[in-house]
Amino acid sequence: MANGIERPLDLLNSSKGKEILVQLKNEKQMVGTLLAFDIHVNIVLDNAKEMANGEVKRSIGLTFLRGDTIIFISPASSVEKK
Amino acid sequence: MANGIERPLDLLNSSKGKEILVQLKNEKQMVGTLLAFDIHVNIVLDNAKEMANGEVKRSIGLTFLRGDTIIFISPASSVEKK
Amino acid sequence: MANGIERPLDLLNSSKGKEILVQLKNEKQMVGTLLAFDIHVNIVLDNAKEMANGEVKRSIGLTFLRGDTIIFISPASSVEKK
Amino acid sequence: MANGIERPLDLLNSSKGKEILVQLKNEKQMVGTLLAFDIHVNIVLDNAKEMANGEVKRSIGLTFLRGDTIIFISPASSVEKK
Amino acid sequence: MANGIERPLDLLNSSKGKEILVQLKNEKQMVGTLLAFDIHVNIVLDNAKEMANGEVKRSIGLTFLRGDTIIFISPASSVEKK
Amino acid sequence: MANGIERPLDLLNSSKGKEILVQLKNEKQMVGTLLAFDIHVNIVLDNAKEMANGEVKRSIGLTFLRGDTIIFISPASSVEKK
Amino acid sequence: MANGIERPLDLLNSSKGKEILVQLKNEKQMVGTLLAFDIHVNIVLDNAKEMANGEVKRSIGLTFLRGDTIIFISPASSVEKK
Numbered sequence: 001m002a003n004g005i006e007r008p009l010d011l012l013n014s015s016k017g018k019e020i021l022v023q024l025k026n027e028k029q030m031v032g033t034l035l036a037f038d039i040h041v042n043i044v045l046d047n048a049k050e051m052a053n054g055e056v057k058r059s060i061g062l063t064f065l066r067g068d069t070i071i072f073i074s075p076a077s078s079v080e081k082k
Numbered sequence: 083m084a085n086g087i088e089r090p091l092d093l094l095n096s097s098k099g100k101e102i103l104v105q106l107k108n109e110k111q112m113v114g115t116l117l118a119f120d121i122h123v124n125i126v127l128d129n130a131k132e133m134a135n136g137e138v139k140r141s142i143g144l145t146f147l148r149g150d151t152i153i154f155i156s157p158a159s160s161v162e163k164k
Numbered sequence: 165m166a167n168g169i170e171r172p173l174d175l176l177n178s179s180k181g182k183e184i185l186v187q188l189k190n191e192k193q194m195v196g197t198l199l200a201f202d203i204h205v206n207i208v209l210d211n212a213k214e215m216a217n218g219e220v221k222r223s224i225g226l227t228f229l230r231g232d233t234i235i236f237i238s239p240a241s242s243v244e245k246k
Numbered sequence: 247m248a249n250g251i252e253r254p255l256d257l258l259n260s261s262k263g264k265e266i267l268v269q270l271k272n273e274k275q276m277v278g279t280l281l282a283f284d285i286h287v288n289i290v291l292d293n294a295k296e297m298a299n300g301e302v303k304r305s306i307g308l309t310f311l312r313g314d315t316i317i318f319i320s321p322a323s324s325v326e327k328k
Numbered sequence: 329m330a331n332g333i334e335r336p337l338d339l340l341n342s343s344k345g346k347e348i349l350v351q352l353k354n355e356k357q358m359v360g361t362l363l364a365f366d367i368h369v370n371i372v373l374d375n376a377k378e379m380a381n382g383e384v385k386r387s388i389g390l391t392f393l394r395g396d397t398i399i400f401i402s403p404a405s406s407v408e409k410k
Numbered sequence: 411m412a413n414g415i416e417r418p419l420d421l422l423n424s425s426k427g428k429e430i431l432v433q434l435k436n437e438k439q440m441v442g443t444l445l446a447f448d449i450h451v452n453i454v455l456d457n458a459k460e461m462a463n464g465e466v467k468r469s470i471g472l473t474f475l476r477g478d479t480i481i482f483i484s485p486a487s488s489v490e491k492k
Numbered sequence: 493m494a495n496g497i498e499r500p501l502d503l504l505n506s507s508k509g510k511e512i513l514v515q516l517k518n519e520k521q522m523v524g525t526l527l528a529f530d531i532h533v534n535i536v537l538d539n540a541k542e543m544a545n546g547e548v549k550r551s552i553g554l555t556f557l558r559g560d561t562i563i564f565i566s567p568a569s570s571v572e573k574k
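Residue numbers (the working numbering), protein chains in the order written: chain A, 1 to 82; chain B, 83 to 164; chain C, 165 to 246; chain D, 247 to 328; chain E, 329 to 410; chain F, 411 to 492; chain G, 493 to 574.
No lab work stands behind these hints, which were simulated from the structure alone.
Hints should not be assumed to be uniformly reliable.
[Unchecked claim] With a straight-line Cα cutoff of 20 Å, these simulated DMTMM-like cross-link-like pairs (lysine to aspartate or glutamate) come out:
hint: 1; chain 1: B; residue 1: LYS110; chain 2: B; residue 2: GLU162
hint: 2; chain 1: F; residue 1: LYS426; chain 2: F; residue 2: GLU437
hint: 3; chain 1: C; residue 1: LYS182; chain 2: B; residue 2: ASP92
hint: 4; chain 1: E; residue 1: LYS353; chain 2: E; residue 2: GLU334
hint: 5; chain 1: E; residue 1: LYS353; chain 2: F; residue 2: GLU416
hint: 6; chain 1: G; residue 1: LYS508; chain 2: G; residue 2: ASP538
hint: 7; chain 1: A; residue 1: LYS57; chain 2: G; residue 2: ASP538
hint: 8; chain 1: B; residue 1: LYS100; chain 2: A; residue 2: ASP68
hint: 9; chain 1: B; residue 1: LYS110; chain 2: A; residue 2: ASP68
[Claimed, not checked] A few chain B residues that face chain C, going by a derived Cβ cut-off under 8 Å, partial list only:
hint: 10; residue: MET133
hint: 11; residue: GLU137
hint: 12; residue: VAL138
hint: 13; residue: SER156
Ideal Cβ placement from N, Cα and C applies to all residues, glycine included.
Chain A extracted, bound-state conformation (with noise of 0.2 Å):
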């Protein structure tokens, strides 16, 4: 159960510190910590993997993320794992 959110970006601020799925509208994810974000849902994600078809791709580190490339964003903890 979900408490708390008035706003959508309510769920990003209560999500910082944790790490989070990030799904790209060029088909990939990236997963990561969320560090910080703004009203344009930009990013900041640290120790960013970038997956593709379930596997890693790349690890990039720190990351600044454009939020018109993304199409959801999800707390991993909330993902299941298949």
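Fit chains B, C, D, E, F and G to the given chain A structure using the hints.
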């Protein structure tokens, strides 16, 4: 018959706490419980599931979904099951 | 003959409560009863049906449709049946 | 020779009530009588017909057409028939 | 040598009444006499011709062309004939 | 070593009157002398040449190029000839 | 562990004068020394190299790169070499 919908976002407001179906531009769907939305149609879903061709592809739990990736949103109760 | 249309959105205003055809950028159509719209051409349809190649694909009931996915909107009464 | 066109929208203003050809980004054309337009180049056509490869595909009557789907608009009287 | 061009739109201003070549994003070109333009680079051409692969495809006369479909605009006098 | 570049547009300002290479989103390049630019990165080139795969395709002289078609701009003197 | 990043652009600010990796929407990468950026994420790189499939394609020196072509930006020191 639908009552009380004066502006498009009124439908989203009356769907808070209920399950919705979200059709994405990338041909996939998301279903989940609507927790929050803003004027950009960014939304937060709880218990979100990503679907393609009528099958659940991933359970992704809490999800922030960018409005510019969305085609339409419907209350799940109004979608006819085939 | 069309009267009383000074601005483009006047056509949507006079179509409230009536069935409309919506042509989407993704090559599909939606038909349904127009309940609400805003200046972004976001619309809410009741009894919406998604169509492709002249066939109903899904009955999706109440639907919020993003304006930026739309090519054109016509009152269903004015569309010639083939 | 064209007179009295100081700004691009002047051509649309002088085409009100006349038949126009609208070239869409999706490779189709619309022909119809221009009833209204706004600064986003959203337009309303009466007696609109959707065309592809020089043939009428659908008669869709009254139509609201989003400006961001348009490449160009010409008065039908100025388009050379082949 | 080009003189008196301080801002990009100065080139369009000095091309009024002259023939220009417009390269479109859809791989086609338009040639015609520039009658008007605005800050969105929407333009009106007289005696416009749509071209593809160096051949005239359609004579479309007076034309309103949306700025967001344009890649570049050149005075026809400066384009080298091959 | 590059000095005096505080903001991105400073590089364009210091390139006025010099030859630049412009990489377009459509996979082509333009080379020419930068005459003017604005905050949308619309630019005017003199003696512009359109290139593809390292070959000159068209000499188009004076050209107004829309900023939203551009990927990057480099002073030609800094591009390594292969 | 990353400190002092309150807002996404803070990562770009702390990367000035350092080598960064820029992933572009067109599947290519740029590496170079970050000299400047603005709120649109337009950036200027020195000693820029365009890369594809892990190989240098072109050395392009000083480069102005439009923000809307970028997916992500990482300090080169944080990208794991394979």
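We went through each hint and held it up to the structure:
For the hint linking LYS110/B to GLU162/B, the alpha-carbon distance of about 18 Å falls within 20 Å, and the restraint holds. Between LYS426/F and GLU437/F the CA atoms are separated by roughly 24 Å; this puts the pair beyond 20 Å, and the hint is violated. The suggested pairing of LYS182/C with ASP92/B holds, with an alpha-carbon distance near 19 Å, which does not exceed 20 Å. The suggested pairing of LYS353/E with GLU334/E is violated, with an alpha-carbon distance near 26 Å, which exceeds 20 Å.
Among the hinted pairs, LYS353/E with GLU416/F is inconsistent with the structure: their alpha-carbon atoms are about 33 Å apart, more than 20 Å. Among the hinted pairs, LYS508/G with ASP538/G is consistent with the structure: their alpha-carbon atoms are about 11 Å apart, no more than 20 Å. For the suggested pair LYS57/A and ASP538/G, the alpha carbons sit about 27 Å apart, so the restraint of at most 20 Å is broken. Under the criterion of a C-alpha separation no larger than 20 Å, the hint pairing LYS100/B with ASP68/A is inconsistent with the structure, at around 28 Å.
For the hint pairing LYS110/B with ASP68/A, the CA-to-CA distance comes to about 18 Å; that is within 20 Å, so the pair holds. The interface hint given for MET133/B is broken, as the beta carbon of that residue sits about 13 Å from the closest beta carbon of chain C, more than 8 Å. Given hint, GLU137/B at the interface with chain C, is violated; its Cβ is 15 Å from that chain's nearest Cβ, farther than 8 Å. With a cut of 8 Å, the hint placing VAL138/B at the interface with chain C is violated, because the nearest CB-to-CB distance is about 17 Å.
Below 8 Å, beta-carbon pairs count as interface contacts, and SER156/B has one with chain C at about 5 Å; its hint therefore holds.
Checked against the numbered hints listed earlier, the structure breaks hints 2, 4, 5, 7, 8, 10, 11, 12; every other hint is satisfied.
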